[in-house]
Amino acid sequence: MSENGGPLLKVDGVSVRFGALVAVNRVSLEIQPGEILAIIGPNGAGKTTLLNAVSGFYHPYEGRIIFQGQDRTWLKPDQVAALGIARTFQNVALFKGMNVLDNIMTGRLLKMKGSFVLDALYWGPAKRQELEHRAFVERIIDFLEIQAIRKTAAGRLPYGLQKRVELARALAAEPTLLLLDEPMAGMNVEEKEDMCRFILDVNSEFGTTIALIEHDMGVVMDISDRVAVLDYGRKIADGPPEQVRKDQAVLDAYLGVGHE
Amino acid sequence: MTRPVRELDPEGDTFPKLVRVNAERIPRKVAIREKDYGIWQSYTWAEYLEQARLIALGLASLGFDRGDKTAVIGDNRPQLYWAMLATQALGGVPVPLYQDSIEKEMQYILDHAEARFAIVEDQEQVDKLLNLKAQCPRLEYIIYDDPRGLRSYAEPFLLSLERLQELGKKFAQDNPTYFEDQVAKGRADDLAIICYTSGTTGSPKGVMLSHRNLILTARNAATREGLRSDEEVLAYLPMAWVGDHIFSFSQSILLGFAANCPESAATVRHDLKEVGPTYFFAVPAIWESLLTTVMIRIEDAAWLKRAMVHFFLRLAQQIERERLNRRPVPLWPRLLYPLGRLLVYGPLKDNLGVRRIRRAYTAGEAIGPEIFVFFRSLGINFKQVYGMTESSALISIQRDGDVRLDTVGTPIPGVEIRISENGEVLFRSPGVFQGYYKNPEATRETLEEGWVHTGDAGFIDHDGHLRIIDRAKDVSRLGDGTVFAPKYIENKLKFSPYIKEAVCVGQDRPYVTAMLNIDLAAVGNWAERRNIPYTSYTDLSQKPEVHDLVGQEVVRVNRSLSEEELLRGAQIRKYLILHKELDPDDQEITRSRKVRRRFIAEKYAPLIEALYSDADHVAVEAKVTYEDGRTGTVRADVKILEAELEGAVGVG
Chain H
10 MSENGGPLLK
20 VDGVSVRFGA
30 LVAVNRVSLE
40 IQPGEILAII
50 GPNGAGKTTL
60 LNAVSGFYHP
70 YEGRIIFQGQ
80 DRTWLKPDQV
90 AALGIARTFQ
100 NVALFKGMNV
110 LDNIMTGRLL
120 KMKGSFVLDA
130 LYWGPAKRQE
140 LEHRAFVERI
150 IDFLEIQAIR
160 KTAAGRLPYG
170 LQKRVELARA
180 LAAEPTLLLL
190 DEPMAGMNVE
200 EKEDMCRFIL
210 DVNSEFGTTI
220 ALIEHDMGVV
230 MDISDRVAVL
240 DYGRKIADGP
250 PEQVRKDQAV
260 LDAYLGVGHE
Chain U
13 MTRPVRELDP
23 EGDTFPKLVR
33 VNAERIPRKV
43 AIREKDYGIW
53 QSYTWAEYLE
63 QARLIALGLA
73 SLGFDRGDKT
83 AVIGDNRPQL
93 YWAMLATQAL
103 GGVPVPLYQD
113 SIEKEMQYIL
123 DHAEARFAIV
133 EDQEQVDKLL
143 NLKAQCPRLE
153 YIIYDDPRGL
163 RSYAEPFLLS
173 LERLQELGKK
183 FAQDNPTYFE
193 DQVAKGRADD
203 LAIICYTSGT
213 TGSPKGVMLS
223 HRNLILTARN
233 AATREGLRSD
243 EEVLAYLPMA
253 WVGDHIFSFS
263 QSILLGFAAN
273 CPESAATVRH
283 DLKEVGPTYF
293 FAVPAIWESL
303 LTTVMIRIED
313 AAWLKRAMVH
323 FFLRLAQQIE
333 RERLNRRPVP
343 LWPRLLYPLG
353 RLLVYGPLKD
363 NLGVRRIRRA
373 YTAGEAIGPE
383 IFVFFRSLGI
393 NFKQVYGMTE
403 SSALISIQRD
413 GDVRLDTVGT
423 PIPGVEIRIS
433 ENGEVLFRSP
443 GVFQGYYKNP
453 EATRETLEEG
463 WVHTGDAGFI
473 DHDGHLRIID
483 RAKDVSRLGD
493 GTVFAPKYIE
503 NKLKFSPYIK
513 EAVCVGQDRP
523 YVTAMLNIDL
533 AAVGNWAERR
543 NIPYTSYTDL
553 SQKPEVHDLV
563 GQEVVRVNRS
573 LSEEELLRGA
583 QIRKYLILHK
593 ELDPDDQEIT
603 RSRKVRRRFI
613 AEKYAPLIEA
623 LYSDADHVAV
633 EAKVTYEDGR
643 TGTVRADVKI
653 LEAELEGAVG
663 VG
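If you read the protein sequences in the order shown, they are chains H and U. Using my numbering, read the first sequence as starting at 10 and increasing by one per residue. Using my numbering, read the second sequence as starting at 13 and increasing by one per residue.
Take the hints with a grain of salt, since some may be wrong.
[What the hints assert, rightly or not] Result set (BS3-like, lysine-lysine): computed pairs, CA atoms no more than 30 Å apart in a straight line: (1) Lys-615(U) x Lys-651(U); (2) Lys-105(H) x Lys-285(U); (3) Lys-285(U) x Lys-317(U); (4) Lys-160(H) x Lys-317(U); (5) Lys-255(H) x Lys-105(H); (6) Lys-506(U) x Lys-361(U); (7) Lys-450(U) x Lys-197(U); (8) Lys-201(H) x Lys-47(U); (9) Lys-160(H) x Lys-122(H); (10) Lys-140(U) x Lys-201(H); (11) Lys-47(U) x Lys-160(H); (12) Lys-116(U) x Lys-201(H); (13) Lys-47(U) x Lys-140(U); (14) Lys-136(H) x Lys-285(U); (15) Lys-586(U) x Lys-506(U); (16) Lys-606(U) x Lys-592(U); (17) Lys-361(U) x Lys-201(H); (18) Lys-361(U) x Lys-160(H); (19) Lys-285(U) x Lys-160(H); (20) Lys-47(U) x Lys-285(U); (21) Lys-485(U) x Lys-317(U); (22) Lys-85(H) x Lys-120(H); (23) Lys-555(U) x Lys-512(U); (24) Lys-512(U) x Lys-361(U); (25) Lys-586(U) x Lys-651(U); (26) Lys-136(H) x Lys-47(U); (27) Lys-105(H) x Lys-47(U); (28) Lys-635(U) x Lys-606(U); (29) Lys-317(U) x Lys-105(H); (30) Lys-47(U) x Lys-120(H).
Bear in mind the hints are in silico, worked out from the structure with no lab data behind them.
Excised from the complex, chain H in its bound form (with noise of 0.2 Å):
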């Protein structure tokens, strides 16, 4: 996939700032093709905030953001997404009015072309185009096992599945980089071993790269190959998560740090 074998994302020295406030402070990462990385750390140690640097929401005060060996940092989210790069929201971010099956569909809008009258029409190759899109949707929606909730509204679904559906839209793009905020948050514990399940079989059935950012430490260390932790804006650690889980740093920064 990357150049030369290189990492898929680099992160590097990337520093984002909200005025006074820095959220990332130099923060150094890379992300191997296929592995699953984990991005863990206390509330507020800014996460979500790297993640939106990656995915173009916010763009970096410092440092760049090379994917597959090219710079990307000055880039749109949708010129992000363009790249491969699809992810999924801390809360639920669907079209609450829409069935699962259309939610599902915007996530191939990027793969469509066509013209405003043929689509209009249903005609030619309008039709063509949203069959086989749709034939897509259908093998991710079986992937995901959500054929019940297939024409329910996405506002109606319990929140464990609109987690889901969130899921397949992000794999409807058929992205390179999968970032999941969260993807737990909220669950009980059979919903986030059916999550578990899914984001395995994604990454070893499609071979997709996954970031995950999650506070359950067991699902952490049952499903990453690797672990990033955050602290106040810094990385304090990087490695496989039984090292990760015995480093002092980690330790003191889940637990406190005793004062003498």
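With chain H held as given, fit chain U onto it using these hints.
Below, chain U alone, put in the same frame as chain H:
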């Protein structure tokens, strides 16, 4: 009277041969459909045979011998039905397992059935089998249909169905006539399937059924019911259950009609609507949930619409009740019915997906009369059947136009029914099973000179209909020897919307008594509408008005009991309404809401004694467990009530 078929044409005496005939005669007719990726994918009879052939040849290439068993596990999928046919084609026996069984149950059956091959749906089942593989030494190959999540599995004995079929293609190059030769070797009396039944006691038993058993039973029932080759069924009941095997496999093959596999267990209701089956079976719980959906939707409608729907539903039910009771239907409702069909019944049936149904069935347990009457009143030919795995699924069916609320119909052609001296139902038919696999002792207990002991107590009523009372072991006698079937009476009581639970007492006693729980929601609502104030369940349960309300229900039950000679003597003489609801937390009923008789008899001994004394009330104290685990005490004064007896009761 339709004459039962007893002999089979040697060209069609096994299922593989029958499918071969279908593939020649109606090659392009749809045999099975599956909703996949949002679309109904169809397979014709020619494809059905070809797919099964490749699976069979693949199995043969792995060394499948005649008599080998294949475990089949998963939701209803065309591939799994083909796997069963493929196994039969090689002279083997398919053993379908319930897909939601836990590992321990699976292990028992796999081991007991000596399955060498397992053909399963997906990763979920593969994972279970991999965990069991060490304890099931006879299991050699695991074959899966859906490869998702399984790509990284490297076990040499694990392969995909696709790969198996490729092996089959290769095998066919060297052995071009192998499949046809094997099919030709099949005989009517070969085993066609082993269905394991989950006995309420002890280990599951493997019911062995031959091709002859299934073909004759399926054919005799189809003749009686007038099934045609254009039926559509929804294959949604577990494949391990003999009923699904008869409807979606045996009869589908025999008559050449299509079975439709839903997309997933969660989409069944939606798929039902899309398929619009013509021939449909469901257990009472499913009918009940369909009815609930309807009622909820109606309550959401605008008032005019709601009023119209209620009016026509009441009208239809009134007509249906008259019909079921064999009374003439007054002219006025009869004239209005077609209007109701246009405005309400038709659209409603369409919405549920039952509009095209020509025959619908229920079985398994007693169905509430409201539910039964409701669906019949819409114009659905809804009937009750009786059967068991040991009879190849079917024993009796209510005939068209001869439907009752509380019978299971008359025997299908070829079936003879006899009631033993102690009241147990026995039957003899071409569908009588070949015995329990590797369990001659159980076989001897059940199968006596061709007659099968059903374990159910019942009787043939004055119209020749079979009525099932209860499990034979639960039927006892009153002190004077009158037959007393507590569950039968309790079910009748519970059919009242006002009675939630009922416990009948009477074994070795002079008469029958009942302890009841009112339905707090229904009776509470009833009380509110009549401005009867109450504070709690205990308070409401002892209101005189509520006693009158429940009294009418008890009399209704007595009246219905008096209509049957055998049960006339076991009417309810005294009853009381319990001061607290029976609760699983207090161990009075199980989590699945089965009454724990012995526990209740001990706990409520003073109440029961009062029912058999001259007392007209009894003061009680009961310990209750709250949801947070604390316990408290409820005090109440429970009134002993007397019920009117109907007809001539021979007890002094």
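Going through the hints against the structure:
no.	hint	in the structure
1	Lys-615(U) x Lys-651(U)	holds, 18 Å
2	Lys-105(H) x Lys-285(U)	holds, 26 Å
3	Lys-285(U) x Lys-317(U)	holds, 22 Å
4	Lys-160(H) x Lys-317(U)	holds, 25 Å
5	Lys-255(H) x Lys-105(H)	violated, 42 Å
6	Lys-506(U) x Lys-361(U)	holds, 27 Å
7	Lys-450(U) x Lys-197(U)	holds, 24 Å
8	Lys-201(H) x Lys-47(U)	holds, 28 Å
9	Lys-160(H) x Lys-122(H)	holds, 25 Å
10	Lys-140(U) x Lys-201(H)	holds, 20 Å
11	Lys-47(U) x Lys-160(H)	holds, 15 Å
12	Lys-116(U) x Lys-201(H)	holds, 26 Å
13	Lys-47(U) x Lys-140(U)	holds, 26 Å
14	Lys-136(H) x Lys-285(U)	holds, 27 Å
15	Lys-586(U) x Lys-506(U)	holds, 17 Å
16	Lys-606(U) x Lys-592(U)	holds, 17 Å
17	Lys-361(U) x Lys-201(H)	violated, 39 Å
18	Lys-361(U) x Lys-160(H)	holds, 21 Å
19	Lys-285(U) x Lys-160(H)	holds, 14 Å
20	Lys-47(U) x Lys-285(U)	holds, 13 Å
21	Lys-485(U) x Lys-317(U)	violated, 50 Å
22	Lys-85(H) x Lys-120(H)	holds, 17 Å
23	Lys-555(U) x Lys-512(U)	holds, 17 Å
24	Lys-512(U) x Lys-361(U)	holds, 29 Å
25	Lys-586(U) x Lys-651(U)	holds, 10 Å
26	Lys-136(H) x Lys-47(U)	holds, 22 Å
27	Lys-105(H) x Lys-47(U)	holds, 27 Å
28	Lys-635(U) x Lys-606(U)	holds, 20 Å
29	Lys-317(U) x Lys-105(H)	holds, 29 Å
30	Lys-47(U) x Lys-120(H)	holds, 27 Å
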